[in-house]
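Q: For reference, the chains in residue letters:
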Amino acid sequence: MKEYQTITEISGPLVFVETDEPVGYDDIVEIELSDGETRRGQVLESASDYVAIQVFEGTEGIDRDASVRFLGETMKMPVTEDLLGRVMDGTGQPIDGGPEIVPDERLDIVGEAINPYSREYPEEFIQTGVSAIDGMNTLVRGQKLPIFSASGLPHNDLALQIARQATVPEEEEGGDDEGSEFAVIFGAMGITAEEANEFMDDFERTGALERSVVFMNLADDPAVERTITPRLALTTAEYLAFEKDYHVLVILTDMTNYCEALREIGAAREEVPGRRGYPGYMYTDLAQLYERAGRIQGREGSVTQLPILTMPGDDDTHPIPDLTGYITEGQIYIDRDLNSQGISPPINVLPSLSRLMDDGIGEGLTRADHADVKDQIFAAYAEGEDLRDLVNIVGREALSELDNKYLDFADRFEEEFVDQGTDTARSIDETLELGWDLLSMLPKDALNRIDEDLIEEHYREDEAAETVEAEA
Amino acid sequence: MSQATDTDVREDGIIESVSGPVVTARDLDARMNDVVYVGSEGLMGEVIEIEGNITTIQVYEETSGVSPGEPVEGTGSPLSVDLGPGMLDAIYDGVQRPLDVLEEKMGSAFLDRGVDAPGIDLEKTWEFTPEVAEGDEVEAGDIVGTVPETPSIDHKVMVPPDSEGGEVVAIESGNFNVEETVVELDSGEEIQMHQEWPVRQQRPTVEKETPTEPLISGQRVLDGLFPIAKGGTAAIPGPFGSGKTVTQHQLAKWADADIVVYVGCGERGNEMTEVIEDFPELEDPTTGNALMDRTCLIANTSNMPVAARESCVYTGITIAEYFRDMGYDVALMADSTSRWAEAMREISSRLEEMPGEEGYPAYLSARLSEFYERAGYFENINGTEGSVSVIGAVSPPGGDFSEPVTQNTLRIVKTFWALDADLAERRHFPSINWNESYSLYRDQLDPWFEDNVRADWPETRQWAIDTLDEEAELQEIVQLVGKDALPEDQQLTLEIARYLREAWLQQNAFHDVDTFCEPEKTYRIMDAAKTYNDAAFEALDAGVPVEEITDIDAAPRLNRIGVQEDWNEYIDDLEDDIESQLRELY
Chain A
1 MKEYQTITEI SGPLVFVETD EPVGYDDIVE IELSDGETRR GQVLESASDY VAIQVFEGTE
61 GIDRDASVRF LGETMKMPVT EDLLGRVMDG TGQPIDGGPE IVPDERLDIV GEAINPYSRE
121 YPEEFIQTGV SAIDGMNTLV RGQKLPIFSA SGLPHNDLAL QIARQATVPE EEEGGDDEGS
181 EFAVIFGAMG ITAEEANEFM DDFERTGALE RSVVFMNLAD DPAVERTITP RLALTTAEYL
241 AFEKDYHVLV ILTDMTNYCE ALREIGAARE EVPGRRGYPG YMYTDLAQLY ERAGRIQGRE
301 GSVTQLPILT MPGDDDTHPI PDLTGYITEG QIYIDRDLNS QGISPPINVL PSLSRLMDDG
361 IGEGLTRADH ADVKDQIFAA YAEGEDLRDL VNIVGREALS ELDNKYLDFA DRFEEEFVDQ
421 GTDTARSIDE TLELGWDLLS MLPKDALNRI DEDLIEEHYR EDEAAETVEA EA
Chain B
1 MSQATDTDVR EDGIIESVSG PVVTARDLDA RMNDVVYVGS EGLMGEVIEI EGNITTIQVY
61 EETSGVSPGE PVEGTGSPLS VDLGPGMLDA IYDGVQRPLD VLEEKMGSAF LDRGVDAPGI
121 DLEKTWEFTP EVAEGDEVEA GDIVGTVPET PSIDHKVMVP PDSEGGEVVA IESGNFNVEE
181 TVVELDSGEE IQMHQEWPVR QQRPTVEKET PTEPLISGQR VLDGLFPIAK GGTAAIPGPF
241 GSGKTVTQHQ LAKWADADIV VYVGCGERGN EMTEVIEDFP ELEDPTTGNA LMDRTCLIAN
301 TSNMPVAARE SCVYTGITIA EYFRDMGYDV ALMADSTSRW AEAMREISSR LEEMPGEEGY
361 PAYLSARLSE FYERAGYFEN INGTEGSVSV IGAVSPPGGD FSEPVTQNTL RIVKTFWALD
421 ADLAERRHFP SINWNESYSL YRDQLDPWFE DNVRADWPET RQWAIDTLDE EAELQEIVQL
481 VGKDALPEDQ QLTLEIARYL REAWLQQNAF HDVDTFCEPE KTYRIMDAAK TYNDAAFEAL
541 DAGVPVEEIT DIDAAPRLNR IGVQEDWNEY IDDLEDDIES QLRELY
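Line by line, the protein sequences are chains A and B. Numbering (the working numbering) for the first sequence: 1 to 472. Numbering (the working numbering) for the second sequence: 1 to 586.
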């Protein structure tokens, strides 16, 4: 292996080296500093006489005498089932003091696109135990469903709650005894040490660590490193899902930090910027992460992604949430108003969406009445929300009886259906029954989105009577 | 190859530099837009710039590990598609490699590199029936025979458009594969079922005609308010989650085109899988055969190479034009054209071109118009008539329609279906905003609706539009003072408009019956609302309080028409009940 001591330029996270032999694009590079320290990097651009290298651990302390070795291969992740229970830093080096990792395989971290022809359409329900998700924006195996949050909101609590409670309801007929196991992969990018502790404590307290693999890139770790952390996490996830039959839930937080790192590299390379200075290829780059969720025909396992991002200025038209929303299969909004009202988890179901929901619910999957109940709750809650504005102007007395019921519905929906606390896990039956409790506040003929037979079966006559009495 | 004369061997070049999908090569003798094979793995690429001795290539596959010094091999021909029987029921990537064949060749569910495959099966034999006899004169484009490609579609075998033509000296029926000669001309030219055509070049036609027939979509809001013509163009812009893809899927499923080409351009993998799984199960409402029998899918998902995303819309429209030449009505859905534009932007920025608006290249507008202009209702060079309708989804960042891709698209297309996040949020689907959307085909299509549905289609539609407009104005007042403060007639209008929205404009794509609505049913639902309207205003004039009018049992049944199979009978009964119940009030 040839060593070069021909660094010509060091700029931000980039190092330029003169070479006299061809170097592969995306290849891994080792840079040895004069004090013996070794840093790793990746080839960003390769020309016949020079290469541009992006250094993961930062360029601090590198001088023109440092020696550069090209390893002649692209970045690999050593994978094995023994990774479960381990904690790694953002470049995949163990930091938990555990034994050395003996890999089964070393996989390219960029990963290849899944052939759309080989995919299997995701339609198996994952019960998160959170009513606002299970009932209204159902998550299915193989989906990528981000949490759109903002600074100061409890998105981490929600992610932890889901990681803790998520189960796949037993298939009764299948006799699926061996079943696939559930694993959680946690990829942290640029989160603070405190947040990291919060996650680790929770993992340890609940015993979830045993079935988890943790990658930690903290806020004070080099930004460039963040661009590989999610790829390491997803490579591990794919291995566990498609080779070892696990159902893998990947939590990536915080995607905003990842995108900031992309912008930093783009700026250092003097690229033509796209919107708000983010690189023009950010859509493609994010897609290469998010699209690694899914199921494959003939394989047991699945990769489900739950990326978390904090929207700068609570603005969902900002490029990061915007591009994410265009790639992912829906989104869950954490709402500042609901949070300040003390509702936990403060999920705003109206703008939230799960695109794969319609195929993942219904008879045999969740319950026959699920779709109709969800549609009706959405309609009624939206109606109630609209009326709240009006009430502020004209007062409740000026509204009709039905309008008042919608207002009560909206209040009770938030207080009873959404606000379940972080420690409660509700089964889908409990969630839907609660939905019927609330819908029965409304007169039967206002339930225009529910099939008549289902209304007969589930509508609570006494509940309606109670509300009438209460008003009388 | 379409450049049949071009046989000179071109010299190989050497890779000079690699940066993502953009590779430069030295000493490569190639023309602009030629296809080249890059590196020792032979990755497919296309020449996009030539400067002195340096040729710039966009590569359609991942370039990780490719290094300077590796060879580049020219093919001497531009990026072309394989045309012939076998394209329907197929699923391709952006450069027309069949994804099922790739899966088999690669032996993996993941897309490997450097594997090539022809767009159509070269081995498979097809039953060829001649349409011309020995001694007949044929010209370029003429149909010489047919092949039953799928139960729905007869594939017409045509003389290639660049042929000189001549007298048929040999032709026979029988089973042939696509490379065997089926017709010989006196000029010595041999015609096979297989043709090639460069994707960036429009296939020739005689002339473009004014479209007069609607492309019936089975979607009430589209057919009823904003129809698109066969040979027309439409844009569906909308923020994420507003239902672009569902609308595109609905059109691909139910539009009354002969052939559907569905281009998934830079979108989600699972969505394409949904199409692959759903379409073979669904029935074409016109022929009763499987929907897949008339569908060609092109899937270049967002994580597949960006350069192939740039070419996938061209691959799609060239295939569409080929079927148009046979005299078919073809509908092409491109989801999403914004991803295509972004691919252009990404390549352009790697070339360090001077950017135009928001980093998009200055030629964005030209490329978009070139693409949409390939749509139309045409007289083909063989005398048949065929059409290509193009429906492009647009994904504006932040849902802001003032961005360059939406604006440049709107300057070209004649139908605009604006998706609305507010409507989507309250689960009003399809969430097409009836105040912002428009169709410039409405007037030229009215005669068709008058002749084929009802003579008073335009008047009834105008009534519906007026009612919805009035509702929009009244809603502003209601926001301030509440509904009960309005005069009774306006309260009634609001109620009627609500039924128009809920019973007519809303349509459940996931309901077996409601998912497709024939024009007659579209008319009758609208007319049922009008019947209620007319009877209700009569009752109001007779002094019946508005609460009583809106309280009749029959009215809410309007919302259930959509899901009725026996809708004709149901509407007859309902209209009777509405009228008699209102009559009883005074």
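Keep in mind that the hints were calculated from the coordinates and are not lab data. Even for Gly, the Cβ is constructed at its ideal location relative to N, Cα and C. There could be a bad hint or two in this list.
Computed, partial: chain A to chain B, Cβ under 8 Å [unchecked claim]: (1) G24; (2) G294; (3) P443.
Once the Cα atoms are required to be at most 16 Å apart in a straight line, the calculated EDC-like pairs of lysine to aspartate or glutamate come out as [as the list claims (entries may be wrong)]: (4) B:K208 - B:D89; (5) B:K208 - B:E379; (6) B:K483 - A:D389; (7) A:K444 - A:D389; (8) B:K414 - B:E373; (9) A:K2 - A:E32; (10) B:K105 - B:D116; (11) A:K444 - A:E401; (12) B:K124 - B:E184; (13) A:K444 - B:D551; (14) B:K124 - B:E164; (15) B:K483 - A:E397; (16) B:K414 - B:D456; (17) A:K444 - A:D429; (18) B:K414 - B:E385; (19) B:K530 - B:E473; (20) A:K444 - B:D553; (21) B:K483 - A:E457; (22) B:K483 - A:E461; (23) A:K444 - A:D386; (24) B:K483 - A:E383; (25) A:K444 - A:E461; (26) B:K483 - A:D202; (27) A:K76 - A:E32.
Covered by chain B, per the in silico footprint, the following chain A stretches (three or more residues, Cβ under 8 Å) [said to hold, decoys possible]: (28) 28–40; (29) 244–254; (30) 259–273; (31) 351–361; (32) 384–396; (33) 432–438.
Q: With reference to the structure, classify each hint as holding or not holding.
A: Quick rundown of the hints versus the structure:
1. G24: With a closest approach of 4 Å, the G24 (chain A) hint holds.
2. G294: 6 Å, holds
3. P443: 11 Å, violated
4. B:K208 - B:D89: Not satisfied, since the Cα-Cα distance of roughly 29 Å exceeds 16 Å.
5. B:K208 - B:E379: 6 Å, holds
6. B:K483 - A:D389: 13 Å, holds
7. A:K444 - A:D389: Answer violated: K444 (chain A) to D389 (chain A) is near 25 Å, above 16 Å.
8. B:K414 - B:E373: 11 Å, holds
9. A:K2 - A:E32: Satisfied, since the Cα-Cα distance of roughly 13 Å is no more than 16 Å.
10. B:K105 - B:D116: Holds, at about 9 Å.
11. A:K444 - A:E401: 14 Å, holds
12. B:K124 - B:E184: 21 Å, violated
13. A:K444 - B:D551: This hinted pair holds, its Cα atoms lying about 14 Å apart.
14. B:K124 - B:E164: 28 Å, violated
15. B:K483 - A:E397: 13 Å, holds
16. B:K414 - B:D456: 24 Å, violated
17. A:K444 - A:D429: 21 Å, violated
18. B:K414 - B:E385: 21 Å, violated
19. B:K530 - B:E473: 20 Å, violated
20. A:K444 - B:D553: 12 Å, holds
21. B:K483 - A:E457: 34 Å, violated
22. B:K483 - A:E461: Roughly 29 Å between the alpha carbons, so the hint for K483 (chain B) and E461 (chain A) is violated.
23. A:K444 - A:D386: Measuring from Cα to Cα gives roughly 21 Å; hence the hint is violated.
24. B:K483 - A:E383: 14 Å, holds
25. A:K444 - A:E461: Holds, because 9 Å separates the two Cα atoms, which is no more than 16 Å.
26. B:K483 - A:D202: Status violated; Cα separation ~51 Å.
27. A:K76 - A:E32: 20 Å, violated
28. 28–40: It is violated, with 0 qualifying residues against the three required.
29. 244–254: Since three or more residues must qualify, the claim that chain B covers the region 244–254 of chain A is violated, with 0 doing so at under 8 Å.
30. 259–273: As far as the region 259–273 of chain A goes, the hint holds, because 3 residues have Cβ atoms under 8 Å from chain B.
31. 351–361: holds (count 6)
32. 384–396: holds (count 4)
33. 432–438: With 0 residues closer than 8 Å to chain B, the region 432–438 of chain A misses the three-residue bar; violated.
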